[in-house]
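Make the full structure from the sequences, and use the hints.
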Amino acid sequence: MAHAHATTAPDQNVWNGGVAPLGASYGKLMMWFFLLSDAFTFSGLLITYGLVRSSHPAFEGLAQAFTFSHDYWPIPEKVFEAVPFLHGVSLPLVFVGIMTFILIMSSVTMVLAVEAGHRMDQKAVEKWMLWTILGGLTFLGCQAWEWTHFIVGTDTPTLVKDFVNGQWITKEVTGANLHINQYGPQDFADFFFFITGFHGFHVFSGVLLNFLIYYNTVTGVYNRRGHYEMVEKVGLYWHFVDLVWVFVFTFFYLV
Amino acid sequence: MAHHAHEPEVVVLPPDKEKIKKLWTVAAILGAITAVEFIVAFTVPHGFFKTSVFVIMTIVKAGYIVGEFMHLKYEAKVLFWSVLIPITFIVWMLIAFLYEGFQLSDVNFI
Chain H
612 MAHAHATTAP
622 DQNVWNGGVA
632 PLGASYGKLM
642 MWFFLLSDAF
652 TFSGLLITYG
662 LVRSSHPAFE
672 GLAQAFTFSH
682 DYWPIPEKVF
692 EAVPFLHGVS
702 LPLVFVGIMT
712 FILIMSSVTM
722 VLAVEAGHRM
732 DQKAVEKWML
742 WTILGGLTFL
752 GCQAWEWTHF
762 IVGTDTPTLV
772 KDFVNGQWIT
782 KEVTGANLHI
792 NQYGPQDFAD
802 FFFFITGFHG
812 FHVFSGVLLN
822 FLIYYNTVTG
832 VYNRRGHYEM
842 VEKVGLYWHF
852 VDLVWVFVFT
862 FFYLV
Chain E
1380 MAHHAHEPEV
1390 VVLPPDKEKI
1400 KKLWTVAAIL
1410 GAITAVEFIV
1420 AFTVPHGFFK
1430 TSVFVIMTIV
1440 KAGYIVGEFM
1450 HLKYEAKVLF
1460 WSVLIPITFI
1470 VWMLIAFLYE
1480 GFQLSDVNFI
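The listed protein sequences derive, respectively, from chains H and E.
Following our numbering, the numbering of the first sequence begins with 612 at its first residue and continues without gaps.
Following our numbering, the numbering of the second sequence begins with 1380 at its first residue and continues without gaps.
One or more hints might be untrue.
Stretch-level coverage of chain H by chain E, calculated; a stretch enters the list once three of its residues show a Cβ under 8 Å from a Cβ in chain E [as the list claims (entries may be wrong)]: (1) 664-670; (2) 713-727; (3) 764-778.
If you want the ones that stay clear, here's a sample from chain H, every Cβ over 10 Å from chain E, calculated [stated by the list, open to error]: (4) Ala676; (5) Met731; (6) Leu751; (7) His760; (8) Gly786; (9) Phe805; (10) Phe815; (11) Ser816; (12) Met841; (13) Val857.
Because the hints were derived from the structure by calculation, they are not lab data.
Using N, Cα and C, we set each Cβ at its ideal position, and we do this for glycine too.
Here it is in structure tokens:
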């Protein structure tokens, strides 16, 4: 690719300039270090979730006997058990599983686009980029549904204590927002919105970047440039989004 | 773009069958691990063992995504370690925060 292949004296140190000691272009390195910093941001969110969750009592008892309460942290599989068009059917984690599958598949199509780029195969890059964009949009659609379901809530309300006009009252609540939450402690809903929201925003910007790459491929920008390294760089970002989802899936939905 | 008035001659190479096959293998492994996670989620009782299994599986999945899809395994060793070594900070942060969380739990709820 755009590596620097300067001629240097054989005895010169590799770090003295003129060569690429890390064997990658400037843009690719910067993408790597951006992703590293982004990994710290997501770790901050997920680890804080761990901190707050471990500072709350866990539900003791059989999963079948679980009911929503503010006294303990909810079991995620009891919260996320709905699937579109199957109202009232308890299918724990099935929908999140489908979302995980969609994101993994779009990661595969992305890496196939990168492979096609290495071969200067414009048609194949176009095809795989379109599949990747489709996967990203499908994931976003699923997340929109998931959020709607979380906000609207279940059929039966939960009794929740709320501080209204200077006094504590108990009221029936369905669904959750940043102020009140039927599923458990308020922090649970807040973390749901922040973690999946921040990840969803990354998916959204990833789809925009993917579309940009697709557009440039179709208009022949990379053919004129002589290489498809931009596909690789945006590919790194897209795989990272998939990587984050793997962690969100485990630590928010499974554990 | 005046000097790009003519479209350049582009040599398209044939697909690298072996490489593509390997990518699909990695995808199959990721899918299989996710399926196993599903089974574990509903058969193993909640507790330290289950959490450990999930953590190990997640790290394996992360290894495949970063190593194969993001190609880090095949980059220069300097780049590989420049990305991996800072991750130890995350591990420390996790240990420190979880320890803090369980202490808070004792203070608040017992």
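Hints, verified against the model:
By the rule of at least three residues with a Cβ nearer than 8 Å to a Cβ of chain E, the coverage given for the segment 664-670 of chain H holds, with 6 such residues. Coverage of the segment 713-727 of chain H by chain E holds in this model, with 9 residues showing a Cβ closer than 8 Å to a Cβ of that chain against a need of three. Here the segment 764-778 of chain H counts 0 residues with a CB under 8 Å from a CB of chain E, which misses the bar of 3, and the coverage is violated. No beta-carbon of chain E is positioned within 10 Å of the beta-carbon of Ala676 of chain H; the least distance is around 13 Å.
The claim that Met731 of chain H lies off the interface is violated: its Cβ sits roughly 5 Å from the closest Cβ of chain E, which falls inside the 10 Å cut-off. Listed as a non-interface residue, Leu751 of chain H keeps its Cβ farther than 10 Å from every Cβ of chain E; the least gap is roughly 20 Å. With a least CB separation of 20 Å from chain E, His760 of chain H remains clear of the 10 Å interface cut-off, as annotated. Remark: the non-interface label on Gly786 of chain H is consistent with the geometry, its nearest Cβ contact in chain E lying 24 Å away (cut-off 10 Å).
Residue-level check passed: Phe805 of chain H sits 16 Å from the nearest beta carbon of chain E, beyond 10 Å. With 10 Å as the threshold on Cβ separation, the claim that Phe815 of chain H sits away from chain E holds: the shortest Cβ distance comes to roughly 20 Å. With a least CB separation of 18 Å from chain E, Ser816 of chain H remains clear of the 10 Å interface cut-off, as annotated. Annotated as non-interface, Met841 of chain H keeps its C-beta farther than 10 Å from every C-beta of chain E; the closest such distance is 15 Å.
Separation of Val857 of chain H from chain E is inadequate, the least Cβ-Cβ distance of about 5 Å not exceeding the 10 Å criterion.
When each numbered hint is compared with the structure, violations occur for hints 3, 5 and 13.
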